[in-house]
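Based on the sequences and whatever the hints tell you, model everything.
Line by line, the protein sequences are chains C and U.
The first sequence begins at 1 in the numbering used here and counts up by one.
The second sequence begins at 1 in the numbering used here and counts up by one.
Please keep in mind that the hints were generated in silico from the structure rather than gathered at the bench.
Keep in mind the model is a prediction, meaning the values are calculated, not measured.
Beta carbons: idealized from backbone N, C-alpha and C, even for Gly.
Among these hints, one or two may not hold up.
Taking CB as the label site, the calculated pair distances span [what the hints assert, rightly or not]:
no., chain 1, residue 1, chain 2, residue 2, range
1, U, 73, C, 55, 16 to 22 Å
2, C, 5, U, 667, 38 to 44 Å
3, U, 219, C, 34, 21 to 27 Å
4, C, 44, U, 97, 41 to 47 Å
5, U, 296, C, 34, 25 to 31 Å
6, C, 44, U, 568, 55 to 61 Å
7, C, 45, U, 73, 24 to 30 Å
8, C, 126, U, 75, 37 to 43 Å
9, U, 26, C, 60, 49 to 55 Å
10, C, 57, U, 565, 57 to 63 Å
11, C, 134, U, 764, 18 to 24 Å
12, U, 764, C, 5, 37 to 43 Å
Which bits of chain C does chain U cover? Going by a derived footprint, with three or more residues having C-beta under 8 Å, they are [stated by the list, open to error]:
no., region
13, 14-25
14, 74-80
15, 155-166
Over the 10 Å line for every Cβ pair with chain U, so calculated as not near, a few chain C residues [said to hold, decoys possible]:
no., residue
16, 30
17, 31
18, 121
19, 146
20, 150
21, 176
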Amino acid sequence: MDIRTEALRYLGYKGTPDAGTLGLLERAENAFTEIKPAHCRKVAEKGDCGMLLKGNDIEKHLEGCDRIIIFAATLGAEADRLIRTAEITDMAYAVVLDAYASAFIEDYCDRCQSELQEKFGGFFTWRFSPGYGDYPISAQADFIRYLSADKQIGLTATESHILIPRKSVTAVIGISENHQHKEKDGCESCNMRDRCNFRKEGKSCGH
Amino acid sequence: MDIKTLLKRDYIILDGGFGTEMQKRGMKPGETSEIMNFRMEDEVCAVLRSYVDAGSDIVSANTFGINRFKMKDTGYTVEETVNKALDIAKKAVSGSDTLVALDIGPIGQLLEPTGTLAFEEAYDVFAEVIKAAGNKPDLIVIETMTDLYEVKAALLAAKENSDLPVFTYMTFEKNGRTFTGCSPSAMAVTLTALGADAIGVNCSLAPTELYETVREISEYTNLPLVVKANAGLPDPVTGEYSVSAQQFAQDYRYFRDTLGVKIYGGCCGTSPEYIREIKKILSEKAPVKCEAYKKLPCVCSYAKTVDVTNPGIVGERINPTGKKLFKEALRNNDINYILNQALEQINAGADILDVNVGLPEIDEKEMMVRVVKALQGITDVPLQIDSTKPEVIEAALRIYNGKAIVNSVNGEDESLDTILPLVKKYGASVVGLTLDSKGIPETVQGRLAIAEKIVKRAEYYGISRDDIYIDCLTLTVSTDQNSARTTLASLAAVKAELNVRTILGVSNISFGLPNRELLNSTFLSMALQSGLDLAIINPNASSMSGAVFAFRALNGFDLNSSEFISRYSGEQAAKPVMAKSEMTLAYAIEKGLRDEAAALTEKQLETEDSMNIINNCLIPALDRAGADFEKGRIFLPQLILSANAAQGCFAVIKSKMENGTEQISRGKVVLATVKGDIHDIGKNIVKTLLENYGYTVIDLGKDVAPEAVVETAVKHEAKLVGLSALMTTTLGAMEDTIKLIREKNVGCRIVVGGAVLTADYAEKIGADFYAKDAKETVDIAKKVYG
Numbered sequence: 001m002d003i004r005t006e007a008l009r010y011l012g013y014k015g016t017p018d019a020g021t022l023g024l025l026e027r028a029e030n031a032f033t034e035i036k037p038a039h040c041r042k043v044a045e046k047g048d049c050g051m052l053l054k055g056n057d058i059e060k061h062l063e064g065c066d067r068i069i070i071f072a073a074t075l076g077a078e079a080d081r082l083i084r085t086a087e088i089t090d091m092a093y094a095v096v097l098d099a100y101a102s103a104f105i106e107d108y109c110d111r112c113q114s115e116l117q118e119k120f121g122g123f124f125t126w127r128f129s130p131g132y133g134d135y136p137i138s139a140q141a142d143f144i145r146y147l148s149a150d151k152q153i154g155l156t157a158t159e160s161h162i163l164i165p166r167k168s169v170t171a172v173i174g175i176s177e178n179h180q181h182k183e184k185d186g187c188e189s190c191n192m193r194d195r196c197n198f199r200k201e202g203k204s205c206g207h
Numbered sequence: 001m002d003i004k005t006l007l008k009r010d011y012i013i014l015d016g017g018f019g020t021e022m023q024k025r026g027m028k029p030g031e032t033s034e035i036m037n038f039r040m041e042d043e044v045c046a047v048l049r050s051y052v053d054a055g056s057d058i059v060s061a062n063t064f065g066i067n068r069f070k071m072k073d074t075g076y077t078v079e080e081t082v083n084k085a086l087d088i089a090k091k092a093v094s095g096s097d098t099l100v101a102l103d104i105g106p107i108g109q110l111l112e113p114t115g116t117l118a119f120e121e122a123y124d125v126f127a128e129v130i131k132a133a134g135n136k137p138d139l140i141v142i143e144t145m146t147d148l149y150e151v152k153a154a155l156l157a158a159k160e161n162s163d164l165p166v167f168t169y170m171t172f173e174k175n176g177r178t179f180t181g182c183s184p185s186a187m188a189v190t191l192t193a194l195g196a197d198a199i200g201v202n203c204s205l206a207p208t209e210l211y212e213t214v215r216e217i218s219e220y221t222n223l224p225l226v227v228k229a230n231a232g233l234p235d236p237v238t239g240e241y242s243v244s245a246q247q248f249a250q251d252y253r254y255f256r257d258t259l260g261v262k263i264y265g266g267c268c269g270t271s272p273e274y275i276r277e278i279k280k281i282l283s284e285k286a287p288v289k290c291e292a293y294k295k296l297p298c299v300c301s302y303a304k305t306v307d308v309t310n311p312g313i314v315g316e317r318i319n320p321t322g323k324k325l326f327k328e329a330l331r332n333n334d335i336n337y338i339l340n341q342a343l344e345q346i347n348a349g350a351d352i353l354d355v356n357v358g359l360p361e362i363d364e365k366e367m368m369v370r371v372v373k374a375l376q377g378i379t380d381v382p383l384q385i386d387s388t389k390p391e392v393i394e395a396a397l398r399i400y401n402g403k404a405i406v407n408s409v410n411g412e413d414e415s416l417d418t419i420l421p422l423v424k425k426y427g428a429s430v431v432g433l434t435l436d437s438k439g440i441p442e443t444v445q446g447r448l449a450i451a452e453k454i455v456k457r458a459e460y461y462g463i464s465r466d467d468i469y470i471d472c473l474t475l476t477v478s479t480d481q482n483s484a485r486t487t488l489a490s491l492a493a494v495k496a497e498l499n500v501r502t503i504l505g506v507s508n509i510s511f512g513l514p515n516r517e518l519l520n521s522t523f524l525s526m527a528l529q530s531g532l533d534l535a536i537i538n539p540n541a542s543s544m545s546g547a548v549f550a551f552r553a554l555n556g557f558d559l560n561s562s563e564f565i566s567r568y569s570g571e572q573a574a575k576p577v578m579a580k581s582e583m584t585l586a587y588a589i590e591k592g593l594r595d596e597a598a599a600l601t602e603k604q605l606e607t608e609d610s611m612n613i614i615n616n617c618l619i620p621a622l623d624r625a626g627a628d629f630e631k632g633r634i635f636l637p638q639l640i641l642s643a644n645a646a647q648g649c650f651a652v653i654k655s656k657m658e659n660g661t662e663q664i665s666r667g668k669v670v671l672a673t674v675k676g677d678i679h680d681i682g683k684n685i686v687k688t689l690l691e692n693y694g695y696t697v698i699d700l701g702k703d704v705a706p707e708a709v710v711e712t713a714v715k716h717e718a719k720l721v722g723l724s725a726l727m728t729t730t731l732g733a734m735e736d737t738i739k740l741i742r743e744k745n746v747g748c749r750i751v752v753g754g755a756v757l758t759a760d761y762a763e764k765i766g767a768d769f770y771a772k773d774a775k776e777t778v779d780i781a782k783k784v785y786g
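Now the structure itself:
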């Protein structure tokens with residue numbers, strides 16, 4: 001799915017949006033030509049990563065995998081600055097920018113994952129991040145230390161485990177040689193499942 | 001050997017990689033290297049000793065990551081770890097001439113505004129390490145930094161808690177910027193002014209990839225330069241780095257022969273072998289003295305350097321003098337209003353922004369710090385700190401991320417002797433007004449004499465002439481027709497005889513005369529021709545900023561007139577907004593057409609009472625937009641656009657009302673994103689909607705302590721407080737805030753919202769209302785205020 005369609009979905013739109021929103025979306029697209037996302041990753045034997053993998057859900061997610069990819073990506077400080085400035089002058093634009101940025105980082109992660117898939121072969125699981133299911137959000141700091149993500153891509157976490165820059169992703173991807181992984185199980189492992197607006201309307205966010 | 005003697009030599013050799021050498025000796029990746037001071041003491045010592053043997057003049061103790069955050073769960077204190085690491089390093093260099101550096105790396109958390117760590121706390125974190133080290137090391141090294149703000153905190157902590165020399169290196173990416181956007185010139189200008197003893201680059205890139213960055217730094221500083229490159233990139237499989245020791249040293253010749261770098265070392269992937277190779281090329285031939293330093297008068301933010309050899313615009317609009325709305329914004333803590341003023345001036349061409357927030361009934365120091373921090377979050381235009389109070393100036397300079405201008409000192413000893421030391425200490429430039437206790441001299445000689453006194457005193461305090469901007473002051477021409485000539489002649493004399501820069505506010509000239517703009521812009525052109533460097537003007541007045549753009553183009557400062565062309569080509573005369581005759585105000589609001597809605601309101605006000613328009617047109621139109629949003633017929637951007645259009649109407653109505661703005665406020669709402677949480681876009685959407693629906697919002701921002709919420713709710717007698725949290729980890733802080741509000745018996749209702757909240761949870765933690773989105777918050781405000 002292209003970034004624009006995805007951003008519109010985050011904003012709640014189905015079908016063609018109004019001209020005003022489309023205009024804002026075009027502005028966001030232009031602004032994002034200046035944004036240069038970055039990522040870093042390490043491939044490791046699952047057994048060597050005990051300190052990183054906490055909880056039952058991640059274990060279930062990695063069933064049948066021998067190796068895993070520890071992955072982090074960020075849009076960088078400039079994306080935050082862009083949204084912060086828009087919040088001062090034009091909140092409607094800020095909302096669209098924010099949605100666009102979220103769609104952009106997801107798309108970037110997808111592209112990184114495709115490249116990795118090509119490089120390593122085998123079967124990949126989808127990206128499982130701290131905060132999903134019972135995988136504690138406090139693992140963010142472990143990810144950053146393990147990857148030296150602060151040095152590699154300028155990614156840090158606050159004391160309350162918020163990733164900074166804000167539009168960033170950390171995730172684990174499992175690799176197995178012969179195990180076909182099921183598709184994303186969507187809401188099952190999501191810690192938002194009880195409060196999600198998509199779910200209340202009988203839909204899913206697509207994760 | 002001591003550091004002072006060492007600095008007199010032609011070149012200095014540092015050490016190479018530490019982590020990679022420790023891994024060769026058994027440290028595992030991901031392990032905290034600070035702990036190795038205890039667990040692998042001998043290996044740490046052996047790595048450092050291997051650099052001593054390879055020829056390093058300075059080795060860094062293994063203190064890079066020691067700080068209170070990283071040591072928290074290790075069982076060791078900052079003090080004991082720093083001392084242990086220094087003792088090991090001392091042991092490693094014993095019997096040699098090699099010196100030991102206290103090595104300071106990034107804290108690991110980003111500072112505000114990108115992150116949440118306050119500048120003041122970062123300072124404390126560094127000061128703790130520096131105090132723990134005492135006089136044990138020979139110098140302090142601040143390195144691998146990506147945030148200029150963090151470097152400033154560390155450098156200030158070093159300067160205020162130690163007498164040791166300080167070397168500072170930052171880490172740049174291939175695009176010539178650091179991760180937080182710092183440019184090489186801004187780094188060089190800021191750190192040189194702040195009193196670093198050597199500056200340079202380390203980590204992330206191979207030698208050849210750093211040439212451009214180091215070249216730019218060399219143009220903006222006369223300090224010794226430092227290079228500690230990586231040995232290229234590690235092979236993902238073998239871990240071997242791509243640039244060999246021989247190649248590395250070969251590539252360093254460019255730094256030696258062309259850029260005149262004085263201090264050399266290596267970073268990740270380099271080993272004692274690399275240091276030996278570097279020593280070889282340096283003993284073959286010493287670095288050539290570099291003549292790249294341009295010695296420009298400049299100011300900068302973290303990212304942008306403004307070179308004042310090219311006449312520039314200082315935007316004067318951030319100043320409450322004579323501005324009712326600005327004063328009200330200050331009283332209501334409405335930082336957004338001020339930020340809007342900033343962005344407007346930047347779009348109009350301001351190169352520097354003057355910041356004055358002095359108002360008798362507010363705490364100017366606290367407000368100045370808030371505003372400067374907020375401005376740094378949204379713009380990289382350098383700032384001019386404008387206050388009459390030394391404590392306000394100092395507070396602002398301390399937290400300013402770059403090299404600012406201080407506005408101002410005058411010819412009085414008291415002013416000079418209190419403010420100039422601050423200018424020097426914090427590495428700023430300064431405006432000097434040619435007046436003293438006897439007033440403004442009427443003659444050119446009189447003003448020149450005061451200027452000379454200011455320049456001499458500044459030099460006495462160590463401030464260079466490049467950092468002085470003399471303001472010869474503008475008096476009204478209607479009371480004395482000589483005044484324009486006197487000001488211009490003084491300006492020219494100051495430039496010619498004192499070799500400093502000049503600055504001038506021009507609008508006084510026309511006071512009491514008609515067509516002031518014509519007089520002002522003509523006078524501005526005359527001043528520019530007389531050598532004015534910085535014009536303090538309202539850049540939004542196109543004839544004023546236009547005079548500067550035209551002057552730059554005509555004088556060849558604006559290369560190929562490209563700035564002029566991009567500003568004016570394709571410009572059409574501003575179209576008056578014409579509302580179509582069939583368009584109604586309600587339609588304009590529902591479609592989010594702000595300009596049209598404002599024009600229609602204006603028209604309707606001719607025949608209709610303002611409260612009628614609000615009650616019969618604005619509010620119902622907003623309600624319809626709200627209902628459409630709830631039914632999923634329109635979405636958030638459209639709802640905000642509608643609300644925005646309505647706000648345009650409110651603004652028109654407010655400006656027509658005689659008795660101020662309070663009358664049509666529907667009530668005050670205090671908003672805050674709770675302590676520890678920084679996801680505030682949702683809160684900001686709520687704020688926009690509430691304001692557009694006519695409520696006055698007191699916005700406390702993000703990461704807000706419970707006490708601040710209580711204090712503000714009491715002070716403003718707000719009936720409604722809104723709290724937001726996005727993380728499960730910060731819900732506790734929300735609960736604490738509610739508890740404190742109840743404990744203190746604040747007579748307000750509480751509405752909570754945010755992604756992880758539910759109605760049940762909101763009830764459990766004692767909130768009065770749960771709002772699932774911004775629209776619902778507005779409905780709740782309506783309920784509360786009736």
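Need the list of violated hint numbers for this structure, in ascending order. Failing hints, ascending: 9, 19, 20.
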